[in-house]
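Peer 1: Model the full structure from these sequences, guided by the hints.
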Amino acid sequence: EPEVTQTPSHQVTQMGQEVILRCVPISNHLYFYWYRQILGQKVEFLVSFYNNEISEKSEIFDDQFSVERPDGSNFTLKIRSTKLEDSAMYFCASSEGAGGSGANVLTFGAGSRLTVL
Amino acid sequence: SQKIEQNSEALNIQEGKTATLTCNYTNYSPAYLQWYRQDPGRGPVFLLLIRENEKEKRKERLKVTFDTTLKQSLFHITASQPADSATYLCALPWTGGSYIPTFGRGTSLIVHP
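First to last, the sequence lines map onto chains P and C.
In terms of the numbering used here, the first sequence opens at residue 943 and continues consecutively.
In terms of the numbering used here, the second sequence opens at residue 183 and continues consecutively.
These are calculated hints, taken from the structure and not from any lab test.
Among these hints, one or two may not hold up.
Stated by the list, open to error - Distance condition first, Cα-Cα at most 27 Å in a straight line; then the derived DSSO-like pairs of lysine-lysine:
| no. | chain 1 | residue 1 | chain 2 | residue 2 |
| --- | --- | --- | --- | --- |
| 1 | C | K185 | C | K239 |
| 2 | C | K245 | P | K984 |
| 3 | P | K999 | P | K984 |
| 4 | P | K1020 | P | K984 |
| 5 | P | K984 | C | K185 |
| 6 | C | K185 | C | K245 |
| 7 | C | K253 | C | K199 |
| 8 | P | K984 | C | K241 |
| 9 | C | K185 | C | K253 |
| 10 | C | K241 | C | K199 |
| 11 | C | K253 | P | K984 |
| 12 | C | K245 | C | K199 |
| 13 | P | K999 | C | K185 |
| 14 | P | K984 | C | K239 |
| 15 | P | K999 | P | K1025 |
Said to hold, decoys possible - Pulled from the structure, derived: some chain C residues nowhere near chain P, Cβ distances all over 10 Å:
| no. | residue |
| --- | --- |
| 16 | E191 |
| 17 | A192 |
| 18 | E197 |
| 19 | T200 |
| 20 | T202 |
| 21 | T208 |
| 22 | K241 |
| 23 | E242 |
| 24 | R243 |
| 25 | L244 |
| 26 | D249 |
| 27 | L256 |
| 28 | H258 |
| 29 | Q263 |
Idealized CB from N, CA, C, for every residue including glycine.
Peer 2: Here it is as structure tokens:
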């Protein structure tokens, strides 16, 4: 069964450092997403990406964050200068369509746990 | 603003019984509602989708109902098994006009053998 893969599974970094989280979405999916989950809290939407540009972003996705699709398969999330409160599990997801009558059924990766010290 | 409410207390049931989880929402009329399962340290896994014009949806031991008047969905697992123990998340389309799923906090289900 096709799956979304994420690397690294766990990253520890110092506050102020840049972090790049990587994802390989399902190959025939057109829409890509990043969500995060702080320990014990709900899964929160960060950003969606379609046709090589951001289609939606939440209030959490500020100037410290950026996304990129550097080639035909990878989808990355960059945090420019990490803060303690960025410690969370970051999930990449992809979907075939974008909702409406089709609805968004998301396939998630296993996540990248980010620990900021 | 849109709110999605799921019981934060864990639901403990005996194996073989039916588990019923609740999702309530306010300030929105969603075109559909989704349920996902999340195991500890893992990403959510899609289970079922029900549209606003559907009252009930079934998949194997799973059943979802959707009452747009009450603004509530119920998620049932019949003949529950210890392997069903997980957190179950309700998701609705985002209020921003797109259809990006927004998640509730989830309810933890613990099935005792």
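Peer 1: Hint by hint, say whether it matches the structure.
Peer 2: Status of each hint after checking the structure:
For the given pair, C/K185 sits about 23 Å from C/K239 by alpha-carbon distance, which is consistent with the 27 Å threshold. For the hint linking C/K245 to P/K984, the alpha-carbon distance of about 23 Å falls within 27 Å, and the restraint holds. For the proposed pair P/K999 and P/K984, the alpha carbon gap of about 17 Å is at most 27 Å, so the pair holds. Among the hinted pairs, P/K1020 with P/K984 is consistent with the structure: their alpha-carbon atoms are about 21 Å apart, no more than 27 Å.
Taking the CA atoms of P/K984 and C/K185, the gap is near 12 Å; set against the 27 Å cutoff, the hint holds. This hinted pair checks out: C/K185 and C/K245 have alpha carbons roughly 23 Å apart, not beyond 27 Å. The hinted pair formed by C/K253 and C/K199 meets the criterion: a straight-line CA distance of about 26 Å does not exceed 27 Å. Taking the CA atoms of P/K984 and C/K241, the gap is near 25 Å; set against the 27 Å cutoff, the hint holds.
The hinted pair formed by C/K185 and C/K253 meets the criterion: a straight-line CA distance of about 11 Å does not exceed 27 Å. A threshold of 27 Å between alpha carbons decides the hint, and for C/K241 with C/K199 the separation of about 17 Å falls inside it, so the pair holds. A threshold of 27 Å between alpha carbons decides the hint, and for C/K253 with P/K984 the separation of about 20 Å falls inside it, so the pair holds. With a C-alpha separation of about 14 Å, the suggested pairing of C/K245 with C/K199 holds against the 27 Å cut-off.
Distance check on the hinted pair: P/K999 and C/K185 sit about 18 Å apart at the alpha-carbon level, within 27 Å; holds. Distance check on the hinted pair: P/K984 and C/K239 sit about 25 Å apart at the alpha-carbon level, within 27 Å; holds. With a C-alpha separation of about 20 Å, the suggested pairing of P/K999 with P/K1025 holds against the 27 Å cut-off. In this structure C/E191 is separated from chain P by more than 10 Å, as the shortest Cβ-Cβ distance comes to about 14 Å.
Distance check on C/A192: its Cβ is at least 13 Å (rounded) from any Cβ of chain P, clearing the 10 Å threshold; non-interface status holds. With a cut of 10 Å on Cβ distances, C/E197 stays outside the contact zone with chain P, its closest approach being about 27 Å. Every CB of chain P lies more than 10 Å from the CB of C/T200, the least distance being 25 Å, so the non-interface label holds. C/T202, annotated as away from the interface, keeps every beta carbon of chain P farther than 10 Å; the closest lies near 21 Å.
Non-interface status of C/T208 relative to chain P is upheld: no Cβ of that chain comes within 10 Å, the nearest being about 16 Å off. At roughly 13 Å from the closest C-beta of chain P, the C-beta of C/K241 stays outside 10 Å, upholding its exclusion from the interface. Separation of C/E242 from chain P is adequate, the least Cβ-Cβ distance of about 17 Å exceeding the 10 Å criterion. The non-interface label for C/R243 is consistent with chain P: the shortest C-beta to C-beta separation is roughly 20 Å, beyond 10 Å.
C/L244, annotated as away from the interface, keeps every beta carbon of chain P farther than 10 Å; the closest lies near 15 Å. For C/D249, the shortest C-beta to C-beta distance to chain P comes to about 19 Å, beyond the 10 Å cut-off, and the non-interface label holds. Every C-beta of chain P lies more than 10 Å from that of C/L256, the closest at about 19 Å, which supports listing it as non-interface. Distance check for C/H258 against chain P: the nearest CB is about 20 Å away, which clears 10 Å, and the non-interface claim stands.
At roughly 22 Å from the closest C-beta of chain P, the C-beta of C/Q263 stays outside 10 Å, upholding its exclusion from the interface.
Against the hints set out earlier in the document, no violation occurs for any number.
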